[in-house]
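Listed below are the residues making up each chain.
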Amino acid sequence: MVDFFGLYNYWIVIVLAMAGMYIVIARGNLIKKLVGLNVFQASVFVLYISFGKVSGGTAPILLKGVVTYSNPLPHVLILTAIVVGVATTALGLALVVRIRREYGTIEEDDIHSQDGHT
Amino acid sequence: MMLEVIDIIILTLMTVTVIGIVVMRNLLAVVMLGGIYSLLAASIFVALDAVDVAFTEAAVGAGISTVLFIGTLALTTRVEKRPKHKPLLPLCVCIITGAVLIYGSLDMARFGDPNSPANRHVAAHYLENTKKDTGVPNVVTAVLASYRGYDTLGEVTVIFTAGIGVILLLGNWRRGLKPPAPHHEDKA
Amino acid sequence: MREYLILRVITKLLFPFILLFALYVQFHGDFGPGGGFQAGVIFAASFILYSMVFGVRSAQHVLPVGILRAGIAGGLLLYALVGVVDLLLGANYLDYSPMSAEAKVGQHLGIFLVELGVGITVASVMMTMFFTFATWRED
Amino acid sequence: MLREHLPVLVIIIPLIAAPLCILFRGRDQAFGIALLATWGSFACSAVIAAKVMASGTLSYELGGWPPPIGIELRIDALNALILLIVSGIGSVVAPYARNSLLLEYVEDRSYMFYCAFLLCLCGLMGVAVTGDAFNLFVFLEISSLSSYVLIALGFDRRALTASYQYLIMGTIGATFIVISIGLLYQATGTLNMADIAQRLPEHGYDRTVIAAFAFLVIGVALKMALFPLHQWLPNAYSYAPSTVSAFLAATATKVSVYILLRFLFTVFGVQFSFDILPTAVPLTILAILAMFIPSIVACFEHNVKKVLAYSSVAQIGYMVLGIGFVTMTGLTAGILHLFNHALMKGALFLVLGAVFYRIGSCNIDRMAGLARTMPWTMAAFVGGGLSLIGIPMTAGFISKWYLIQAAIEKGWWHIAVLIVASSLIAVIYIWRVIESAYFREPPEDLQNVKEAPLSLLIPAWILVFGNVYFGIETSLPVSMAELAARSLLGAN
Chain A
1 MVDFFGLYNY WIVIVLAMAG MYIVIARGNL IKKLVGLNVF QASVFVLYIS
51 FGKVSGGTAP ILLKGVVTYS NPLPHVLILT AIVVGVATTA LGLALVVRIR
101 REYGTIEEDD IHSQDGHT
Chain B
1 MMLEVIDIII LTLMTVTVIG IVVMRNLLAV VMLGGIYSLL AASIFVALDA
51 VDVAFTEAAV GAGISTVLFI GTLALTTRVE KRPKHKPLLP LCVCIITGAV
101 LIYGSLDMAR FGDPNSPANR HVAAHYLENT KKDTGVPNVV TAVLASYRGY
151 DTLGEVTVIF TAGIGVILLL GNWRRGLKPP APHHEDKA
Chain C
1 MREYLILRVI TKLLFPFILL FALYVQFHGD FGPGGGFQAG VIFAASFILY
51 SMVFGVRSAQ HVLPVGILRA GIAGGLLLYA LVGVVDLLLG ANYLDYSPMS
101 AEAKVGQHLG IFLVELGVGI TVASVMMTMF FTFATWRED
Chain D
1 MLREHLPVLV IIIPLIAAPL CILFRGRDQA FGIALLATWG SFACSAVIAA
51 KVMASGTLSY ELGGWPPPIG IELRIDALNA LILLIVSGIG SVVAPYARNS
101 LLLEYVEDRS YMFYCAFLLC LCGLMGVAVT GDAFNLFVFL EISSLSSYVL
151 IALGFDRRAL TASYQYLIMG TIGATFIVIS IGLLYQATGT LNMADIAQRL
201 PEHGYDRTVI AAFAFLVIGV ALKMALFPLH QWLPNAYSYA PSTVSAFLAA
251 TATKVSVYIL LRFLFTVFGV QFSFDILPTA VPLTILAILA MFIPSIVACF
301 EHNVKKVLAY SSVAQIGYMV LGIGFVTMTG LTAGILHLFN HALMKGALFL
351 VLGAVFYRIG SCNIDRMAGL ARTMPWTMAA FVGGGLSLIG IPMTAGFISK
401 WYLIQAAIEK GWWHIAVLIV ASSLIAVIYI WRVIESAYFR EPPEDLQNVK
451 EAPLSLLIPA WILVFGNVYF GIETSLPVSM AELAARSLLG AN
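Chains as they are written, first to last, in this note's numbering: chain A, 1 to 118; chain B, 1 to 188; chain C, 1 to 139; chain D, 1 to 492.
Extracted from the complex, chain A is given alone in its bound form (with noise of 0.2 Å):
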C-alpha cells in the first residue's frame, strides 16, 4: 500500500500525458492538436515537478528556521520549459491562421485532400 502511494502520483500524470499525446496524433483538428499539445507538456511537467517534492519539505525560499526545503532544480527547468512551450504554442497558431488562409479549412483532411495527398 505504502509502495502504491509512492507512485501513484507519477502513474496518473503518466496518464494524463498519454492523453494529451493521443489528443495531438490522434485528432485532424490544427487547433484542437496544439490544445494536446498543451496538455501533455504540462503533464510532464507536472513528473518533473514531483521528483523535487520533498515530504515535510517548504518553498525552496531560505527563511530563518526552516530546515527542508523542496528541491529547486525541476523548478528551475520547469520555467525554462514552459516558456519553451508557449513559444511553440504561439507559433503553431500563427501557422494555424496562415494556414485557414491559404487553405480555408484547419482540418488535416481537407488539407490533404486539397494538396492531393502529398
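Just so you know, these hints were derived from the structure itself, not from any lab.
The structure presented is a predicted model; accordingly, all values stated were derived computationally and were not measured.
A couple of the hints might just be wrong.
[As the list claims (entries may be wrong)] 16 Å max Cα-Cα, derived EDC-like pairs, lysine to aspartate or glutamate:
(1) B:Lys86 - A:Asp115
(2) B:Lys84 - A:Asp109
(3) B:Lys86 - A:Glu102
(4) C:Lys104 - B:Asp133
(5) B:Lys132 - A:Asp109
(6) B:Lys81 - A:Asp109
(7) B:Lys84 - C:Glu3
(8) B:Lys131 - C:Glu3
(9) B:Lys84 - A:Glu102
(10) D:Lys51 - D:Asp76
(11) C:Lys104 - C:Asp30
(12) B:Lys86 - A:Asp109
(13) B:Lys132 - A:Glu107
(14) B:Lys132 - C:Glu3
(15) B:Lys131 - C:Asp30
(16) B:Lys84 - A:Glu107
(17) A:Lys64 - B:Glu128
(18) D:Lys51 - D:Glu4
[Said to hold, decoys possible] Label-pair distances were calculated between CB atoms; the ranges are:
(19) B:Asn26 - C:Val62: 33 to 39 Å
(20) B:Asn26 - D:Ile285: 41 to 47 Å
(21) B:Ala74 - C:Val62: 19 to 25 Å
(22) C:Leu23 - D:Pro66: 32 to 38 Å
(23) C:Ile10 - B:Arg78: 26 to 32 Å
(24) D:Gln447 - B:Asn26: 24 to 30 Å
Quick reminder that beta carbons are idealized off the backbone N, C-alpha and C, glycines included.
Since chain A is already given, all that's left is putting chains B, C and D on it; use the hints.
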C-alpha cells in the same frame, strides 16, 4: 496525508478536464478546458512547493496561451469536424509509450523521498550555498539567473525567436505574400 | 465597446494596480516568488486587458510597434551584454562576481540586470504577439 | 585574452547579432551583421578545432561555477567537427541568401529573415558545444523554433502545412527528450552529461534508466528523421526556400545525429547501450530500410527538391548504419559521412536555388535541357550528384569506402553488398535529373534562360569544390572523425 488528499483531488479534476478535451468538439470549450487544465496544474505546483512554477504556469498556460488560442479561434473556426478514422494506431502508440513510462517509474525513488538522488547531489549544494554565494534568498531565482544563467539566456532567446516568428508570419507588411517571379534577366 | 460601462471603469481602475504588481514581482523576485518572466507576463496582461476593452489602437498609441520591437531585441541584448561585460572584466561568461568589489554584491547586481532583461523581452514579445493576432485581417 | 573564451564566443556572436539585426533593421545592415557573425563564428570554430586537435578536450565553465553545479561547455573532436560543419555551411549560405528570391519574397522584413537564420545557427551550435543535458534541450528548441519559421517562409502554401507538421513532430520529439533527461536526473541527481555518465554505473542500470534510454532514442530519431519517423522531412525540405533547405539539410539532421552519438556512447556508455541492451540490431535494420525505401521513393518523385529530401532520409540511414557497427571503423565512417553529406546536400540544394531563381520551378520536366542554358549550374549539380552517389575522387566515396570496410571487418558481406546496391539507386535518381537536363529539349518558354548570377553560383561551387577537395585530400575530416570515434568508444 493532507498533501496526498489535495493531490488526489486535483489530479482527479485534471483527469476529468482531459476527458472533456478529448470528447468535446466545440473548440472554444476545448480551449477553455485547456486553460483550466493549466490552472489545475498550477495549483498542483503550489501543493508541491513549486510556487515560482505555479505562478508562471497560471500566468502563461492559463493566461497568455488561452488568450492567443481564443484570438486564433476568432480568426479561424469554432467547431472541430467529426473524426473520420478509427484512431487505433495512435491509441496503440500512446498505450505503449505510457506502458514504457510506467515500467520506468517502478524503479524511481518514491514520491517525496528526501534521499532520492534527485534531491541530493547538486540540489543540496544549491540549498546550502545560495545564501553564501549570491545573497539571494529565493533559491529558484539564484539557480535560474546565476548557476544556470546560461539556460535562462537560452530561454529568453527562445521567446525572442517566437516573437520574431509571429511577426514574420503574421505581421502587417506593405505587400501581401505573393511569390516572386523568376528572374530571366539579371537585375540591374 | 461603448456600452460596457462597468468593464471600462473597472479596467481603468485595475490597470495601474496590475502594472504596479508587475513591477513588484520584477524587483522582488529575489526575495519571494516571481522574477522577470512572471513580471513580463503580468505587465503584458495589463496592456492586453486594456486593449481588449478600449481597442488595440488606443493601446498601440502608448506602445507603438517600434518601441515593442526595440524591447524585444533590447531585453535579450541586455542579458547577453551583461555576460560580455563579465568577459571584459576578466571573468567567465555570465560570472557576475567581478561586477562589484564584493562577489556577493556583484552576483546580486548581475541577477537583477538579467532578470530585467528577461522581463523586458517577455513583456514586449507577449504584447507584440497579442497585437499581431488581434490586428491580423484576412484579405 | 579572449582565446580561452572561444567556446562561448562561438555561441554568443550570432546570439548578439540576432537582436542587433532587429535594432538596425534595413536589409543591408542586417546582411552585413549576419555575414560578420557567421564568418566570425566560423573563424572561432576553426581555431577551436585546431586547439582540440592539438591539445585535447576543451572545457568552459559558464558563470564560473564548476560543473555539475553550473553549466559546462565541453568540446572534443566530435563537437569541433560539428561546429565546423554548421558554421562552415552557414558562412556559405549567408551571402547566398542575399540574392536568392527569398529576400524579395520577405521584402521589407528581410532583416527578420537574417535574424531567424542567425538564431538557427546559434541554436545548432549551442547544441554542439554544451556539456549539459538540459541546456542541450534549450538550444535544440532555439534551432527548432527558428527552423519552423524559416521553413514556413517557402513560396508554396504547402510550406505552411509542412512547417506545422514539423512543429508537431519536433515538439513531440523534444518532449520525449525532456522526459528522458528528467528520468536520468531522477536517477542520478545531475544534469551534466559527463557527471551522468560517471554516476550511472554506480546507480545501476535499472528500469528507470532503460525507460530514459528508450525515450531518448525515439525522441532523437524523430528529430533526425530516422526511418520510419521521417514523415515531416520530405515536405519540410521541399517547400522551404532553397537557401533554408540547403542550410537545414546540411546541418540540422547532423546535429541530431550528434545528439544520438553523444548520448549512446558518452552518457549511457557503450556497454549499456550495446552490450546490455540490444540496440545495434534494430538500429542496423532501420538503417538498411532507410537506405532503400526512401531512395526508391525518390526515384519516382518529379520535384527535384523532394528527390533530394528523400535522399537525405536515406543518407541518415548510412550514418546510423555506421553507428550500428559499434566499431572504430564503423563510427569513423558514420561521422565522416555526416561531414561529407553536409557538403553534398548543401551543394545540391544551393544549385537548385539557382535553378529556381531562373525558371521558378524545380520540376524535373521543367528542368529539361537546362544544361544548354545554364551549363555552370548543371555542372555543379553533376559534381554534387557524383559525390552523392559515391564516385571515387569525391567526398561521398570516402565515407562509403569506410562504411564498406567496416562491414567487411565485421564479416558482414551481405551488408557491404547492400551498401553498394543502395548507391546504385542513387545513380538512378541522380541520373533522371541529369538525363532531363542534358539530353532533352527545353520547354518552349524556357529556351532563352540565362545562366544563374555569380552570387548564387560561387557559393554552390565552393561546396562542390569542397566535395572534390575532401575526396582527394582526406586527412582533415578523417583524422577528426577517427579521433572522435576513438573518444566515443574509449569513453567507457
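Q.
Flag every earlier hint the structure violates by its number, smallest first.
A. 1, 3, 5, 7, 8, 9, 13, 14 and 24
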